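There are 4 protein chains.
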Amino acid sequence: MKNSTGVYLIGALGSIATTVAAGVMALRAGLGDTTGMITATSVFEGVELVETPDLVLGGCDLRKARSSRGNPIEPREVTGISPRILKALKRELAQYRAGIDPGVSCNCGEAIEALGGCAGRGKGGLRKQIEAIRARIAKFRQDRGLKTVIVVNLASTEPPLELEGCHQSLGRFEEVLEANRGEKVRASTLYAYAAIGEGCPYINFTPSNAALFPAMLELAERNRTPVMGDDGKTGETLVKSALAPLFTCRNLEVMSWMGFNILGNMDGQVLDNPGNVQSKIRTKDGVLSKILGYSPHSRVKIDYVPSLGDQKTAWDFIHFRGFLGAKMSMQFTWQGFDSILAAPLVLDMVRLAELAKRREEAGIMPHLATFFKAPIGAEVHSLHEQFAMLAEYAQGARQAPRTLSAAAAPQ
Amino acid sequence: MKNSTGVYLIGALGSIATTVAAGVMALRAGLGDTTGMITATSVFEGVELVETPDLVLGGCDLRKARSSRGNPIEPREVTGISPRILKALKRELAQYRAGIDPGVSCNCGEAIEALGGCAGRGKGGLRKQIEAIRARIAKFRQDRGLKTVIVVNLASTEPPLELEGCHQSLGRFEEVLEANRGEKVRASTLYAYAAIGEGCPYINFTPSNAALFPAMLELAERNRTPVMGDDGKTGETLVKSALAPLFTCRNLEVMSWMGFNILGNMDGQVLDNPGNVQSKIRTKDGVLSKILGYSPHSRVKIDYVPSLGDQKTAWDFIHFRGFLGAKMSMQFTWQGFDSILAAPLVLDMVRLAELAKRREEAGIMPHLATFFKAPIGAEVHSLHEQFAMLAEYAQGARQAPRTLSAAAAPQ
Amino acid sequence: MKNSTGVYLIGALGSIATTVAAGVMALRAGLGDTTGMITATSVFEGVELVETPDLVLGGCDLRKARSSRGNPIEPREVTGISPRILKALKRELAQYRAGIDPGVSCNCGEAIEALGGCAGRGKGGLRKQIEAIRARIAKFRQDRGLKTVIVVNLASTEPPLELEGCHQSLGRFEEVLEANRGEKVRASTLYAYAAIGEGCPYINFTPSNAALFPAMLELAERNRTPVMGDDGKTGETLVKSALAPLFTCRNLEVMSWMGFNILGNMDGQVLDNPGNVQSKIRTKDGVLSKILGYSPHSRVKIDYVPSLGDQKTAWDFIHFRGFLGAKMSMQFTWQGFDSILAAPLVLDMVRLAELAKRREEAGIMPHLATFFKAPIGAEVHSLHEQFAMLAEYAQGARQAPRTLSAAAAPQ
Amino acid sequence: MKNSTGVYLIGALGSIATTVAAGVMALRAGLGDTTGMITATSVFEGVELVETPDLVLGGCDLRKARSSRGNPIEPREVTGISPRILKALKRELAQYRAGIDPGVSCNCGEAIEALGGCAGRGKGGLRKQIEAIRARIAKFRQDRGLKTVIVVNLASTEPPLELEGCHQSLGRFEEVLEANRGEKVRASTLYAYAAIGEGCPYINFTPSNAALFPAMLELAERNRTPVMGDDGKTGETLVKSALAPLFTCRNLEVMSWMGFNILGNMDGQVLDNPGNVQSKIRTKDGVLSKILGYSPHSRVKIDYVPSLGDQKTAWDFIHFRGFLGAKMSMQFTWQGFDSILAAPLVLDMVRLAELAKRREEAGIMPHLATFFKAPIGAEVHSLHEQFAMLAEYAQGARQAPRTLSAAAAPQ
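Going down the list, the protein sequences come from chains G, A, W and P.
Numbering (my numbering) for the first sequence: 142 to 552.
Numbering (my numbering) for the second sequence: 142 to 552.
Numbering (my numbering) for the third sequence: 142 to 552.
Numbering (my numbering) for the fourth sequence: 142 to 552.
Bound-form chain G, shown alone (with noise of 0.2 Å):
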């Protein structure tokens, strides 16, 4: 078993991090198929993956899942799954929750500090932290006897960390580092530096802007790891990415587009403060102006709606004009589950890093634009571009030397 793929979850015991363990082993049981999986298509057939049921879980949250009695903390209600299902997994998840280790908290704003369990930025000091980080992601490894061991950051949006100098290259961000200068890092930073220095891959599922900066994408570089952020595309903005393009096909112009989302989820709860929702609104934001080529008059509003649990909806208008001036309109409701459109996509770069890091990728990796909202490094913003880089990847990849062990077979 020593070839095999572990997923290190940051935040563990969340809803997308619980969609992902309770699909892992859905497929395993026979319980579900791979609807929503992009890598389970024909666009990926002939690339040797790694099998999505083969995936060992773990991870880290700032939560706990035992209470201080050492009883089990249930799971928040995580709508999206069937009760069926989860009824059928009860014991696999406990058995997941309770293998979780702790998180660490550094700097992310008082919403989600008060989720308990802050470590805080004193103890011992940033390389300290860095130091714990590592230690718990190398148990994970040795302990369970993986080859390769992905990490995907899932936890709650911190606000936008502002970039300086320091964050732009390696050598000057170690001097934070060296200086123990908290307010230059937040949590994220503190994980994706331990992950990089592991030479796990990282995938950076999160708005958080404090992971994938120009010095630690000079790291993944020199420590030859593939990245990837950032905030995953799963609702609004990739039905965005979907339609403006329309308006450009057409050559109509683009007068205002507003947002207004609602959800009731932890994300939610922690969205509901305004300085972490700055960081959503950002990622969210751009898209638009990027796929026009200009700037309409646009707003993403957030709103936390607690009855609506982990069912986003969103409603945009849009108001266009189109030939001798004539204003028309479009509007559209979107109504998903949150941790079920995303567990997929976090599966599938699970198996695209592990695949990126067997062919000695390093630094970001451009052809998984598709699944983030302000994919790092990449100027292209309207989905099925996205999409077509990522299936003539596919294509490039299916000619490669297949290098993955024997035991684990092709998709």
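Be careful, since some hints might not be right.
[Said to hold, decoys possible] In silico DSSO-like links for lysine-lysine, alpha-carbon gap of 30 Å or less: (1) P:K442 - G:K431; (2) A:K442 - W:K431; (3) W:K269 - G:K231; (4) W:K228 - G:K228; (5) P:K231 - A:K231; (6) A:K231 - A:K280; (7) W:K442 - A:K442; (8) A:K431 - W:K442; (9) G:K231 - G:K280; (10) W:K269 - W:K288; (11) P:K442 - G:K442; (12) P:K269 - P:K288; (13) A:K228 - P:K228; (14) W:K231 - G:K231.
[As the list claims (entries may be wrong)] Each pair of labels, with its calculated beta carbon distance range: (15) P:P447 - A:P447: 46 to 52 Å; (16) G:A229 - A:G434: 27 to 33 Å; (17) P:K431 - A:S183: 54 to 60 Å; (18) W:K431 - P:P194: 30 to 36 Å.
In short, the hints are calculated from the structure, not lab data.
All of these numbers come straight from a predicted model, not from anything done at the bench.
Cβ atoms here follow ideal geometry from the backbone N, Cα and C, with glycine treated the same way.
With chain G fixed as given, assemble chains A, W and P onto it according to the hints.
Just chains A, W and P, lined up with the frame of chain G:
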């Protein structure tokens, strides 16, 4: 002026044709801009196309532009054009309407024939009617000193024609004409046959399937005439062709896609007739399964709502299945002016048909697929792939030697 | 226990009946609350009603609860009830299903007869079928020791019955029965006649018009039996009856009101049949003109979308004219579980029919108008006026002497 | 003519006021009808009201109708009125605009003061400003030979004024005026005080709470002057007040009700300012809990979208719980012209205020509750109950002796 280009519109008094005419006049007078026309964008930079304001307009219609006493009949309200522009163009539009030829009706269904002025199929037989149409087009060309005339079918939707062996080859089809078998043709057949016979590029902007069947395409090839159809893609189907690929890009399974269309113009009135609406539903319905690669439960309904006038409103409900079988949904409402959306496409295609004719292309123009709901001979149905085909064609045309007269400056 | 109240459900294995049964059981077991039941609110404080958990459930169905080998047939997915509750009630629901009588089918249209188990109209004639139904109701009463039995028609929608002279008076109608003229009745006719004959209050929750025509109302008066119908108001029409008065209150002119309904349960399947859907559209369509006092352009469409299951979705588009002729619009989407919305109304009406019977009221119960799309004998169609009628009735009933057994405590 | 009625509009150059003026002129010229006015319906048959075309229009505004060189400034586009009507009334509207008095600004927030022409609070103190307003109203009355003048506040929304002890009694409030404490008043305070001082009925159509606080109501009682407010109910809240009772009538629990409003007129521009928008959200937000009897999770958002002009668009999402805990939802989109919806309400209230004055009523007019989002002194918030109050008042007024001059014929 003998190099100039004419546009012969079938259904010349209808909403779309009026908007096409008003558009040309408005551009000429500096009252509007080219929003909505893709040939006016950077995609066509460097491609020599006829200038839109230089187009010469004419056509025919079943309806009359003058009452029996000779007074001009005011056009039905074309709500999309602003009253300001309509007023400024009042005299010029009246002049355009006064010059419109009578149209022919033949086996078009009661709804169309009720519009009045039907020539019937008896009058001298099919060959004679074709000759009459050719004579009118030829007169338009000569009177206005035109080098090229593009014929565009904007007439109301006919009921579907059952295509048989006799429509598959030109030889067999000409036997139908000789035998004067009116039940094997519709008015659109006669127009297409006449136009192509005159060497005029023919654009079938309606869903009617009786114009560009295989025998007619054979004629187009033989006469070195470019043609394209069917059914201009301006609203719900346009959105469908941009949005359906999203589900493919994410491996989400579309279970149901229901579309409800309401509109209040003459088009809606004719489509209120079960026979005629079939043609439209047929072209609208195919798009989805062709993009998705499977056939979800899907219906397209069209209802006549007089109060809406030209403002077409469509509500689509999409029910889809994601990871672990979770059901989710999306819905959109599209509110656009039918003619405002259609007219710039007509102008784009007229310019591109003139280019194709000048480049000595013949038969179907697959690069125009993006403009149609059911593009003839095209395997590509997703909007962005169609658009890429058009852009590639533009790229090729840019390198081609310029053959347009010196008088017509490049756009 | 001889004072207790029974509910005899026609269509007892369908979604609504199952939800009614599950509701009673859930309330009994403390698994649910009375949300959705108006008789459980302060409006009925002080009115002595039978306790919902005390209701005794039975009924009949065309379908079978057991296969030919005697194995129980699992109910179709009733998506509105949470799996948690369904699981807790599994045994009790199976017991309920096992006790269901066979139903009769008579001239109900092919869609219903295809459900199987049709008794046909031949078997012994109309009188004999009526006797059989009466016998089953009487047995239910005796076996379960019931004082009062309320019969509720929850069967699938029949095609409309053309009402003629013979349906206008009891005398003439009984001649039809004697003459065994099956084409003048439908199954719902036989059920209503039998129920009223047994002195059981009869609630016609379906749109079928063959149950409560004038001759039947005459019978109800004569037998001192309260009855009410037609067609439970649970979704689009409910919204309509709350919203249409807005336009009256502001003197805004509704030009068009279009309604598109999609649903996927058995009801939807039966309504996919043009004959049966007519009954439904008829009851839905009248509401608008009765509230507004004029008839706008209005259509109601119903489409079967299997993937939706019990989740009824309706999109309504309202086009209206305001001051100085300006055109404006409103649209709404309603997404509700059909059975979840219907079941509490059934329970409300059962409780109120028991009260009416106890109060020795006879014939139609106009105060129940608020529960129906086409309330029999009611001139009032706006929701709040109907509600005021109900509240006024409750006020009156509060003052009335209590005659319910001491065993049944007031709610 | 000395019996005629004048309307003095505060904010006389804005969209609503312009539509009020155009409406009166259009009715006079036979260019429009009374759609949208409830006083023009059978509800008020037999009630003697001033004829709408006889109303004499005037008012004041902070903005100028003429440039510094004396040229007329064209009104902002008021999109709801058709260009045809605007054109026919062009001269008359210009005349109206030329006669508008300057307005006062006082402690109204930067957004309003930026409109220019602010008199500031310094100029001679509060008493002096009040005198100036009274003088202008008195001059309007005298110059135009008016018996009654109704003052209507249509000015932009001011930020909320914190009401204190000094606003609770007239005696204490007049001390504020004496002491010239400008921070305890806003411009709307001065207008209301002046109008009531002149014996003119005062309608507060804006959300500003600084006009009709208890001290002012005391003045109105003392001066025998009818008044009413706050905040005309024209769109989203109108729908809310018709729709929320539905959930009560069915005992469905509203868990969340989210409202997103977008608009592009001057009103929207002023509301883009956080201070000013607070007033509006406050009046909009209360309706729900008052109708339902409990407070669901509810937010009202207002965003400025310039391209929309006067076309206010609102999307509301309602999440509700039904029987057995099932979650369901409803959403609506309202697309209406703000001024077109507001103007007929203003005219209705002017006619009813004139009637009230003539009938010697004083203080608040609770029967006008239906026209307001936050009706002063009214416990009734559901639209139909408010409407019933108005109808009942009309019934009473019908029986009252007629005192209107013989010249003014009953409607």
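Comparing the hints with the structure gives:
In summary, the hint linking K442 of chain P to K431 of chain G is supported, as the alpha carbons are separated by about 27 Å, within the 30 Å threshold. Between K442 of chain A and K431 of chain W, the direct Cα distance comes to roughly 27 Å. Compliance with the 30 Å bound is thereby established for this hinted pair. Proposed proximity of K269 of chain W and K231 of chain G is contradicted: the alpha carbons are some 56 Å apart, above 30 Å. With a C-alpha separation of about 12 Å, the suggested pair K228 of chain W and K228 of chain G falls inside the 30 Å cut-off, and the hint holds.
A threshold of 30 Å between alpha carbons decides the hint, and for K231 of chain P with K231 of chain A the separation of about 21 Å falls inside it, so the pair holds. Annotation: proposed proximity of K231 of chain A to K280 of chain A holds, straight-line Cα distance about 26 Å (limit 30 Å). For the proposed pair K442 of chain W and K442 of chain A, the alpha carbon gap of about 10 Å is at most 30 Å, so the pair holds. A distance of roughly 27 Å separates the Cα atoms of K431 of chain A and K442 of chain W; the hinted pair therefore holds under the 30 Å criterion.
A hinted pair counts as satisfied when its Cα atoms are at most 30 Å apart, and K231 of chain G with K280 of chain G qualifies at roughly 25 Å. Restraint check for K269 of chain W and K288 of chain W: satisfied, since their Cα atoms lie roughly 25 Å apart, inside the 30 Å limit. Distance hint between K442 of chain P and K442 of chain G is fulfilled; the C-alpha atoms sit about 10 Å from each other, no more than 30 Å. Of the supplied pair hints, the one linking K269 of chain P and K288 of chain P holds, its CA atoms being roughly 25 Å apart against a limit of 30 Å.
Note on K228 of chain A and K228 of chain P: the hinted pairing holds, with a Cα-Cα distance of about 12 Å set against a maximum of 30 Å. At roughly 21 Å between alpha-carbon atoms, K231 of chain W and K231 of chain G fall within 30 Å of each other, so this suggested pair holds. The supplied range of 46 to 52 Å is broken by P447 of chain P and P447 of chain A, whose beta-carbon atoms lie about 32 Å from each other. Here the CB-CB span from A229 of chain G to G434 of chain A is close to 31 Å, well matched to the stated 27 to 33 Å.
About 56 Å separates the C-beta atoms of K431 of chain P and S183 of chain A, a value consistent with the hinted range of 54 to 60 Å. Under the hint 30 to 36 Å, the C-beta atoms of K431 of chain W and P194 of chain P, about 33 Å apart, fit the expected range.
Hint compliance for this structure: hints 3 and 15 are not met, and every other hint is.
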